[in-house]
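Student: Could you put the whole structure together from the sequences, leaning on the hints where they help?
Number of protein chains: 2
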Amino acid sequence: MSETLLSSRNLAFELYEVLDAGALTQRERFADHSRETFDAAIDTARSIAEKLFAPHNRKNDEHEPEFVDGAAVLIPEVKPAVDAFLEAGFLNATREFEVGGMQLPNLLSQACFAHFQSANAATSSYAMLTMGAANLIEAFGSEAQKQRFLQPMIEGRFFGTMALTEPHAGSSLSDIRTKAEPAADGSYRIRGNKIFISGGDHPLSENIVHMVLAKLPDAPPGVKGISLFIVPKYHVNDDGSLGARNDVALAGLFHKMGWRGTTSTALNFGDNGECVGYLVGKPHAGLSYMFQMMNEARIGVGMGAVMLGYAGYLYSLDYARQRPQGRLPDGKDPTSSQVAIIEHADVRRMLLTQKAYVEGAFDLGLYAARLFDDTQTLATAEERQSALELLDLLTPIVKSWPSEFCLKANELAIQILGGHGYTRDYPVEQYYRDNRLNPIHEGTHGIQSLDLLGRKVSMNGGAALKQLVRLIQDCCQRASQFESLSALRQPLEQLLARLSAVTLALLGDLMAGKVNQGLANSALYLKVFGHLVIGWRWLEQAIRAEQGLARLDGGADNAADRDFYQGKLQAARYFLTWEVPACHHELALLEARDDCCLAMQDGWF
Amino acid sequence: MSETLLSSRNLAFELYEVLDAGALTQRERFADHSRETFDAAIDTARSIAEKLFAPHNRKNDEHEPEFVDGAAVLIPEVKPAVDAFLEAGFLNATREFEVGGMQLPNLLSQACFAHFQSANAATSSYAMLTMGAANLIEAFGSEAQKQRFLQPMIEGRFFGTMALTEPHAGSSLSDIRTKAEPAADGSYRIRGNKIFISGGDHPLSENIVHMVLAKLPDAPPGVKGISLFIVPKYHVNDDGSLGARNDVALAGLFHKMGWRGTTSTALNFGDNGECVGYLVGKPHAGLSYMFQMMNEARIGVGMGAVMLGYAGYLYSLDYARQRPQGRLPDGKDPTSSQVAIIEHADVRRMLLTQKAYVEGAFDLGLYAARLFDDTQTLATAEERQSALELLDLLTPIVKSWPSEFCLKANELAIQILGGHGYTRDYPVEQYYRDNRLNPIHEGTHGIQSLDLLGRKVSMNGGAALKQLVRLIQDCCQRASQFESLSALRQPLEQLLARLSAVTLALLGDLMAGKVNQGLANSALYLKVFGHLVIGWRWLEQAIRAEQGLARLDGGADNAADRDFYQGKLQAARYFLTWEVPACHHELALLEARDDCCLAMQDGWF
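So the sequence lines, in the order shown, correspond to chains A and B. Counting in our numbering, the first sequence runs from 1 upward without gaps. Counting in our numbering, the second sequence runs from 1 upward without gaps.
Hints were generated in silico from the structure; no laboratory data involved. Some hints here could point you the wrong way.
It does not matter which identical chain is meant; a pair holds if it fits inside one copy or across any two.
[Stated by the list, open to error] Straight-line distance between alpha carbons at most 30 Å, and here's what the computed DSSO-like set of lysine-lysine pairs gives:
| no. | residue 1 | residue 2 |
| --- | --- | --- |
| 1 | 179 | 332 |
| 2 | 514 | 59 |
| 3 | 332 | 224 |
| 4 | 282 | 332 |
| 5 | 179 | 527 |
| 6 | 527 | 332 |
| 7 | 408 | 527 |
| 8 | 466 | 332 |
| 9 | 408 | 59 |
Treat the numbers as computed from the prediction; the structure is a model and nothing was measured.
Tutor: Here it is as structure tokens:
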């Protein structure tokens, strides 16, 4: 049977031939691990994802959560799936053994979680949201808060949410209006309305811990006046038992185009003036706490987009191999048999494009996950800081590139299935609908582009950018040892040189105070920067494929490996010669500071 | 109130400033018409579309047709809408006065119909399918068939379908298996299964006339053995009254991602051996009949894609003007008011891109409709033939370009609405789902690309292509009289020159027998050819905008017109300087006969 969630061979290539997961086991934190323990975790993830997550993916879509008596009701298949996930320890995959974790590298945790994301984006979200909320409390909460709220989350009894967005404040968090008034007992009374809160209600856990952004009475205006609060659905008594309902009400559910199985909620805090919240960390520091956890969340969103793309790619590949239709252009004898559509050049193009997008983004997501491990476990503080800077720089790409291009992959998967792909009898249309969320949540595409050009490339004197340039140059240097890769390397070198120059010029504009003009075409910049990064990752994969081919002898038992590496080289060729050079037009617009869009006036539309 | 279906000002610009609809009234067939009668028809269309089509567009989606006791049941709002459409005469807008038509030019008929397509793609489809079927009988049916089947269609009592696709034969019609056996009475007995038959059952008309492709017993293999049959749902007696049910059964309904209000049916013909069909025209000529009607159908599909794009563009434009969010990059004072999101450069980019795609494709669709009028009403047979050749050449673009780029426009409309755009509380997500059908039906994108490069550009010694090149050169020549347009004209001239050379080279390959290689990158060719055509149409619009501006005096009462023309110039600038030059990379791949996708092997995926 063909694989449906991801290619195990490709995952092994990433872990052991590209990203050297084995080297992580040399680090003290991961010393008890080995390829065997890594592979065992992956096998468990695949098994649970296939058996308990994938089977209800369509049902999640067809029977979206319902609002009944003030609560969200889900289909019954979700809880056993999530329970098996918890039982197998994936919620705490990266936590230490002592607290019941698996002490796995983030790289492996993401690799395991990718299976759940591919099998069922909606059901896996409940786990991801809980991980995000738990990590916030772990990083910034008090010991008492950890005891009361984090420990039950680790045990899987409490789930979590991130409650940021308000009706009038989506991208502009600076404008949130939710208030937090200090109470006599040291807690706070929260009052306000939040929307689009994923997982804001569900029957999967005993309690739900909302991580809520709100403003204290003495808050300075803007983002520097935002504080972070723990607001539980049920009060938690000192002995850990559950108390009465807190004054948090489910006001309603949003009905989405896709990703329907995850509740998207409107929550009212403090309608009765009795919503108790607990300040996390210092006053007014809430947004900075959120941002410190953003890398992980955005890697998660990016990987979610990748895995929807991956699922669609594998499905359409299998379909293209099975489905006979038509004949090749030069074989028009109508009495001959029809060929499988994978034989048609344009279907191959659509499959190769999907492969290049999906496997390129998959590599980047795992690369970022490994970088996250570096931020935690490299030997010196300086090395860890350096890794963090690079991760900060790459995060907008890790989040946005798959959101755009793996959605495009899903569009191609539908096209390969033709009329069938447009029906709900096949899964690809759901992947497409599900994936359309990803360019919107956790910072829209536009926000990512401003983050990249307006903040990340210039931070710490451009240190991260310089680091990235060195890495790409090093990759090109190694690629230059393979004559076969010269046609792939050169477009990347050209893009790097020109983008570097444009970056300096744009940063010069920003420093000269031309802020609106300098950032006006940030979307183009994001696109080109993303293609540079994915092009680099494909060149890296191509090097490893050449090395893999060189290791093989000519035996017939190597045929599958040889095919695998050839496919990698062809996908790298596609991306580096079909996609990367197309960026020069966008670079020309950036170089010219083209103001076509900026100069457009409201009245002219 | 802002307009929701299309911009009336833009439609008037197209009809009276770009496409010179007034000149059509000089032709004998349209001599009774005038701008007043044209505008009256448009006003009626807009009014019915707004009052009866738009209000149930969402309900069509939420309550898709149900299969009950062997029949399709629709929501009750569809029939009154369709009845009003019929009552107002739009089904026969182009037919002669004597048969109850309005004798309008096709240009005006399409302009009227565009309102219905924008308001409700699904409900308007029933009318479009009936027009297509009626036109087939009118063009190729016998007098008796016209009396029995066409006349009730003209009267709106019978509706029609096009029944081509079979489970194993979608794009490859050559492989259909439906059989037609001659019966003693001169009719035929049809047996076979068809799928994806839009409008294959519904309660909107007394009878449904299926136009069915099937093979006679002595049929040669392949497309040259396909015949066309009339197969009514109910028998029709000699006096025109309805008889018993014919042996055509609704086997089931397909459940689609979008466009849900139009039934997509599986039909079984002759399960009991008693399905009566009537041969249209000559045996084995069915596919050529279908193809002769294809231009109209494909203009209709293209315009449908445009209008979904248009509806989304107008909705997101209105939203962007109303929705406050954030501040400009250089105005970060958090105590200042939030600005409407239309002020953000990236939102402007997304709006301007939509405008360029939607209004460019709208112009092309109407241009093609006017060309269709030329094929019918130009003075000499030679002129009519020449118009037909150009229309044949443009048809793959008219169909495919909006299907790809107005879908992209819908994606941008969702993005502008952010999280709200992803919910079913707003219409834009439905437009996106509805529009995803268009690159699939009436010939997939891949089929269009093969039609263009493999047939259309070389037909009649390349006569149509030469005609198009002359038209574009003439447009550039006229544009060169405006200094202000030189930056817009030059990219088009460069694209034209290079694409012309590539075309010759590729046709050389095809003539040399390198068929698979020559057609391998036809998707790239389609993209570039489409951008050439839309670029030409934008330059034409820019010329008319400059002429319009020159006509205005400086008075304040001209402000709206001045804004309108400025917007046209800015959108033309966007398309010709942001989109057209980006095609050079695809041209380079075509020039190089790049075989990246063709060389990919099945085993390498």
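Student: If any of the earlier hints don't hold here, list their numbers in rising order.
Tutor: Hints 2 and 5 contradicted; others consistent.
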